[in-house]
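Asks: Listed below are the residues making up each chain.
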Amino acid sequence: MAHLNRRALLGGAAATAAFGALPAHVARAQAANTVRIGVLNDQSGLYRDVNGPGSVACVRQAIQDSGVTARGVNVEVVVGDHQNRPDVGSTITRQWIDRDNVDVILDVPTSSVALAVNTIVRERNKIFLNSSAATSDLTGAQCSPNTIHWTYDTYMLAKSTGGAMVRAGGDTWFFITADYAFGHALERDTSGFVRAAGGRVLGQVRTPFPGTTDFSSFLVQAQSSRAKVIGLANAGGDTINSIKQAAEFGVTRRGTKLAALLMFISDVHSLGLETAQGLVCTESFYWDLNDRTRAFTQRVLPSMPGGLRPGMGQAGCYSAIMHYLKTVAEMGVPAARASGVETVNRMKAQPTNDDAMGEGTIRPDGRRIQPVYLFEVKTPAESRGAWDYYKLLQTTPAAEAFRPLGEGNCALVRS
Amino acid sequence: MDEIFGIPAPLLFGQLLLGLINGAFYALLSLGLAVIFGMLNVINFTHGAQFMMGAFVAWMLLHYFGIGYWWALLLAPLIVGFTGVVIEKTMISRLYKLDHLYGLLLTFGVGLIIEGLFRNQYGSSGMPYRIPPELQGAWDLGFMFMPVYRGWVVIVAIVMCLATWLVIEKTKLGSYLRAATENPALVQAFGINVPRMMTLTYGAGVALAAFAGVLAAPIYSVNPQMGANLIIIVFAVVVIGGMGSILGSVVTGFALGVIEGFTRVFYPEASATVIFVVMAIVLLLRPAGLFGRA
Numbered sequence: 001m002a003h004l005n006r007r008a009l010l011g012g013a014a015a016t017a018a019f020g021a022l023p024a025h026v027a028r029a030q031a032a033n034t035v036r037i038g039v040l041n042d043q044s045g046l047y048r049d050v051n052g053p054g055s056v057a058c059v060r061q062a063i064q065d066s067g068v069t070a071r072g073v074n075v076e077v078v079v080g081d082h083q084n085r086p087d088v089g090s091t092i093t094r095q096w097i098d099r100d101n102v103d104v105i106l107d108v109p110t111s112s113v114a115l116a117v118n119t120i121v122r123e124r125n126k127i128f129l130n131s132s133a134a135t136s137d138l139t140g141a142q143c144s145p146n147t148i149h150w151t152y153d154t155y156m157l158a159k160s161t162g163g164a165m166v167r168a169g170g171d172t173w174f175f176i177t178a179d180y181a182f183g184h185a186l187e188r189d190t191s192g193f194v195r196a197a198g199g200r201v202l203g204q205v206r207t208p209f210p211g212t213t214d215f216s217s218f219l220v221q222a223q224s225s226r227a228k229v230i231g232l233a234n235a236g237g238d239t240i241n242s243i244k245q246a247a248e249f250g251v252t253r254r255g256t257k258l259a260a261l262l263m264f265i266s267d268v269h270s271l272g273l274e275t276a277q278g279l280v281c282t283e284s285f286y287w288d289l290n291d292r293t294r295a296f297t298q299r300v301l302p303s304m305p306g307g308l309r310p311g312m313g314q315a316g317c318y319s320a321i322m323h324y325l326k327t328v329a330e331m332g333v334p335a336a337r338a339s340g341v342e343t344v345n346r347m348k349a350q351p352t353n354d355d356a357m358g359e360g361t362i363r364p365d366g367r368r369i370q371p372v373y374l375f376e377v378k379t380p381a382e383s384r385g386a387w388d389y390y391k392l393l394q395t396t397p398a399a400e401a402f403r404p405l406g407e408g409n410c411a412l413v414r415s
Numbered sequence: 416m417d418e419i420f421g422i423p424a425p426l427l428f429g430q431l432l433l434g435l436i437n438g439a440f441y442a443l444l445s446l447g448l449a450v451i452f453g454m455l456n457v458i459n460f461t462h463g464a465q466f467m468m469g470a471f472v473a474w475m476l477l478h479y480f481g482i483g484y485w486w487a488l489l490l491a492p493l494i495v496g497f498t499g500v501v502i503e504k505t506m507i508s509r510l511y512k513l514d515h516l517y518g519l520l521l522t523f524g525v526g527l528i529i530e531g532l533f534r535n536q537y538g539s540s541g542m543p544y545r546i547p548p549e550l551q552g553a554w555d556l557g558f559m560f561m562p563v564y565r566g567w568v569v570i571v572a573i574v575m576c577l578a579t580w581l582v583i584e585k586t587k588l589g590s591y592l593r594a595a596t597e598n599p600a601l602v603q604a605f606g607i608n609v610p611r612m613m614t615l616t617y618g619a620g621v622a623l624a625a626f627a628g629v630l631a632a633p634i635y636s637v638n639p640q641m642g643a644n645l646i647i648i649v650f651a652v653v654v655i656g657g658m659g660s661i662l663g664s665v666v667t668g669f670a671l672g673v674i675e676g677f678t679r680v681f682y683p684e685a686s687a688t689v690i691f692v693v694m695a696i697v698l699l700l701r702p703a704g705l706f707g708r709a
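Chains as they are written, first to last, in the working numbering: chain A, 1 to 415; chain B, 416 to 709.
Here chain A stands alone, though its shape is the one from the complex:
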């Protein structure tokens, strides 16, 4: 080691780090019948369990279930970790499209990253199937003819969870908001419903993202506002820490209600029913919803990481790829690869139907709509087995669950 000089060593280390950040390189040569799907999500941070490797497992399951291989379509999957950073996500997306001939960018949680990818995919005329980002701007002011927003968005979460809380008497709110595009959109959309129902927003606090682990200061501020509902406009690890610490500080014991505006089943699993019981949340998928979702879960479970049950972001990836591959098989690979807009238009022209997400349709603004479910987390006594966490409170029909087509300011609708 002694003869190795420091500069060479640091150079080597830097090169290794840079290599680690790059997506796996795929060969340039490509058979004429191959489509490439790039799964871009959080493989290493606080959102890993709600998308991450679980989304990849669901994509592979979709490829298998779609049966396109037997029809002569070859599907390749590449995986990238955007680390919740728009710059990293943009770099990977450009490389995938420009160098590696990737046709579809899939999943992309973290709204700030999703909005960046949205622009790049549109410039390159490829396809962006977003399952795990929440901002309703993807089908609003920033809508794109190359993008379909598949699984949920801030408007639908706000309407379902926020609406239910207001109806139950929670007419004064204080928001704890993750300080980036997603949190802002969720706070904005929920505030809209609270005010429309005659309620008031007493205040909000913006928490740095990522990197906030202690929410006690923010919870105490929320409490001293005397609001009846504390709206958590955050997700994943942030939501878990907020709820855990709210229990510690006795927030709910004083009658204040917590509204977890975006909560996933893996969050409930991590909190444990003891802490999470009684919370309500909105999802477009639950593994134990019906026979079809249970059958899907049974098939994909062996390849899910760490025994996780799929959540809605991951199930959305399955559903999106099922529909995409069906369209590819109908159009033929060369036609499906030629223009992202054309393929997306074909996908919009027919309803979606698969075991995970059931039946749905895709609107002109790129919003996929389906029934939306409001769940309550069971008490430990009510839960009958592993991952038996939700009871269904209410189902909002597809036509009412999402933002009306004309209200999003999407240029695709006006023209």
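Hints are computed from structural coordinates only; laboratory data are not their basis. Incorrect hints may have been included.
[Said to hold, decoys possible] Residues on chain A that point at chain B, a partial pick, calculated with CB under 8 angstroms: (1) L46; (2) D179; (3) F193; (4) D214; (5) N241; (6) K244; (7) S266; (8) D267; (9) P302; (10) G306; (11) A338; (12) P371.
Glycine residues also receive a C-beta, built at the ideal position from the N, C-alpha and C atoms.
With the hints as your guide, set chain B onto chain A.
Replies: Positioned in the frame of chain A, the structure of chain B alone reads:
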């Protein structure tokens, strides 16, 4: 006296208290770092991972063996401290003769590997770990609701910091350690086994990190990235306090916790950055840190 700068006074008292609690974690973690840097001249970037391991070992003890919080408080630091001894013996001890940077790169890499392994095994959402029954509940202080457990954390952290400071500054063992840092060859000539002392010092620093991890387990989600989130702040604390200064790291840890707490009221968006602003100012005015010797 009802309002200070437009903020209700009770809210500010609450934030002062919460700031002290967070400061307790900063102090405990930066204490371990300071001990390791002061004695070994190694910047231990594995510290965050070792903090996380402490929390995970506590969870494993409960989950696989049914061993509760109080035993975990003792066992987890011992177990994680032992892994520290192994890392020091097999890897770090080979780098003492080289520049700081080598130790930094090595420990940084080891930290990444450990976090990656835990992430592969346990995912990112984390594991539930409950507050022990003896420490559940809360006191109503009038101006805020104070969980008993948080009070316990502050007290234990202060006791631990004092004990460490006493051992290093006031005991014979501590004087050997300090002498060995100044001139290892001379101390060895007096018949003291310096390499073993270095190994045990590293193990003790790591055990302190694991101890903080066990304390954190009931408050934060026990997840693989919990240390990475904290460690950058803790490094800033060590730099502000003065590298290797034990008193400096403890005082700075608590002080910065309080500064961060107030920022969360006045301008919450900046609460993640305020510590680095303080760091930049301190480095400009006192490059060796507040308590460091230039």
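Asks: Confirm or reject each hint.
Replies: These are the hints, each one checked on the structure:
Proximity of L46 (chain A) to chain B holds as hinted, the smallest CB-CB distance being about 6 angstroms (cut-off 8 angstroms). Given hint, D179 (chain A) at the interface with chain B, holds; its Cβ is 5 angstroms from that chain's nearest Cβ, closer than 8 angstroms. With its C-beta approaching chain B no nearer than about 24 angstroms, F193 (chain A) sits outside the 8 angstroms limit, and its interface hint is violated. Taken as an interface hint, D214 (chain A) checks out: its beta carbon lies about 6 angstroms from the nearest beta carbon of chain B, inside 8 angstroms.
A cut of 8 angstroms between beta carbons decides the hint on N241 (chain A): the least distance to chain B is about 5 angstroms, and the hint holds. Checking K244 (chain A) against chain B by beta carbon gives a least distance of about 6 angstroms; that is within 8 angstroms, so the hint holds. Annotation: S266 (chain A) was flagged as interfacial toward chain B, and the flag holds, the nearest CB pair being 5 angstroms apart, inside 8 angstroms. With a least beta-carbon distance of about 6 angstroms to chain B, the hint placing D267 (chain A) at the interface is held under the 8 angstroms criterion.
For P302 (chain A), the interface hint is violated, the least distance from its beta-carbon to any beta-carbon of chain B being 16 angstroms, above 8 angstroms. Of the supplied interface hints, the one on G306 (chain A) holds, with its beta-carbon coming within about 5 angstroms of a beta-carbon of chain B, less than 8 angstroms. This hint is violated: A338 (chain A) has a C-beta 38 angstroms from the nearest C-beta of chain B, more than the 8 angstroms allowed. Given the 8 angstroms rule on beta carbons, the hint for P371 (chain A) is violated: about 26 angstroms separates it from the nearest Cβ of chain B.
In summary, the structure is inconsistent with hints 3, 9, 11 and 12 from the numbered list given earlier, while agreeing with the others.
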